[in-house]
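Sequences and hints are given; from them, build the entire structure.
First to last, the sequence lines map onto chains E and D.
Residue 1 is where the first sequence starts when you use my numbering, and the numbers rise one by one after that.
Residue 1 is where the second sequence starts when you use my numbering, and the numbers rise one by one after that.
It should be emphasised that the hints constitute simulated quantities derived from the structure, not laboratory data.
Be a bit skeptical, because a hint or two may be false.
[Unchecked claim] With a straight-line cut-off of 27 angstroms between C-alpha atoms, the simulated DSSO-like cross-links for lysine-lysine are: (1) E:LYS44 / E:LYS95; (2) E:LYS66 / E:LYS22; (3) D:LYS97 / E:LYS66; (4) E:LYS167 / E:LYS182; (5) E:LYS44 / E:LYS66; (6) E:LYS95 / D:LYS97; (7) E:LYS44 / E:LYS167; (8) D:LYS118 / E:LYS66.
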Amino acid sequence: MNERHTSDARWVRLVERVRSDKDQAAFGELFAHFAPRVKAFLMKSGADSSLAEECAQEVMATVWHKAQLFDPERASVATWVFTIARNRRIDALRKQRRPEPEDLTWGPEHEPDQSETIALQQESKQLGRALAALPQNQRVLIERAYFGELSHSEIAAETGLPLGTIKSRIRLALERLRQEMK
Amino acid sequence: MTSTINHHLTDDLLMSYATGSLPEAFSLVVATHISLCDECRARLAGFEAVGGAVLDEAPACAMEEDSFAATMRLIAQMPTETRIEAEDESVKGLFPKPLRDYVGGDVDAVQWRSLGGKVRQAVLPTSADATVRLLYIPAGVAMPDHGHAGMELTMVLQGAFDDDDGHFGRGDVEVANEELKHTPVAAPGADCICIVATDAPLKFSGLLPRIAQPFIGI
Ligand SMILES: [Zn+2]
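Spelled out as structure tokens, the structure:
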């Protein structure tokens, strides 16, 4: 547990090294952790292994190129990688455009605030622990919603659970996560 | 900018947008709202953080042997991403950026079609699983009668409308489903422009259904 939890701040430093020094060793560490998870994520969404491999490489290449846009005050590295992988999935698997909100821009001079950054990384740890502590039947549905490219009604069709049960379990899970984050 | 927004996106919509399971048409309305609403932007960040935690806890699937080298080659081929420039405030029009991208410009670039009277619409190109359109309703005029079999998500861009659920001004969203019968009326003042996503075809009633409506209960 502890090892994983010290790593959040470490990922941030690695992304900073990619951004400022084009540091391939730092990128290699990010790659070793995130690429296999992105690949698994894409396979669970229905990609075969060669498409998942190709897309995971593209996601990691995007991580390299967008390192300067990563904002540690707003997201953990895992969350940022998740959003890139999700958008790649929508593009490659669903063949749809992904409308994104207008960016909030800090202006060119902005340096990330250390205490904000640390607070956010700590919240991410806490969220990870809370997610792991969810009752199995709630956690599985959350994972499917994020991983499986499934709407609630598609999960209902696949699991045979009534739609109302799925919605209420997801709602319960979200309430628990919110409680834990207070 | 957000102080005047009273009607926000539901958890359901924000989570579906975060997971990427929302049809493109609805995603466009969500992205347009978030562009104007810091509150929903923060809530979205929470739902995306859950995605990050799920990814981080996920079992890994081994990459190919030459994968890292292949990725470095890919990096060398890709154009370098430059920092996104803050938009010049004077460029900002009525439409937030995600909507401008679909219209191909601001409100003056919309290709309106008349729906009868002074009411106009413009359907925007998205994937076929849902539809999104801009509606132009002159101040004081009721929205065209329509039934919806599925979900309808409306956001006000200019002017305002009123219905049983309250007053909706710029940035406000209303989520309607088949149970909700609503007859929005554009408020006096500026003409009302809305963006509306529906996951079942909207059926605008002509004269006959308008007469039949009280009898068949559309
Ligand atoms: Zn909002």
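State the violated hints by number, sorted upward, taking the hints as numbered earlier in the document.
Hint 8 is the one this structure does not satisfy, whereas the remaining hints hold.
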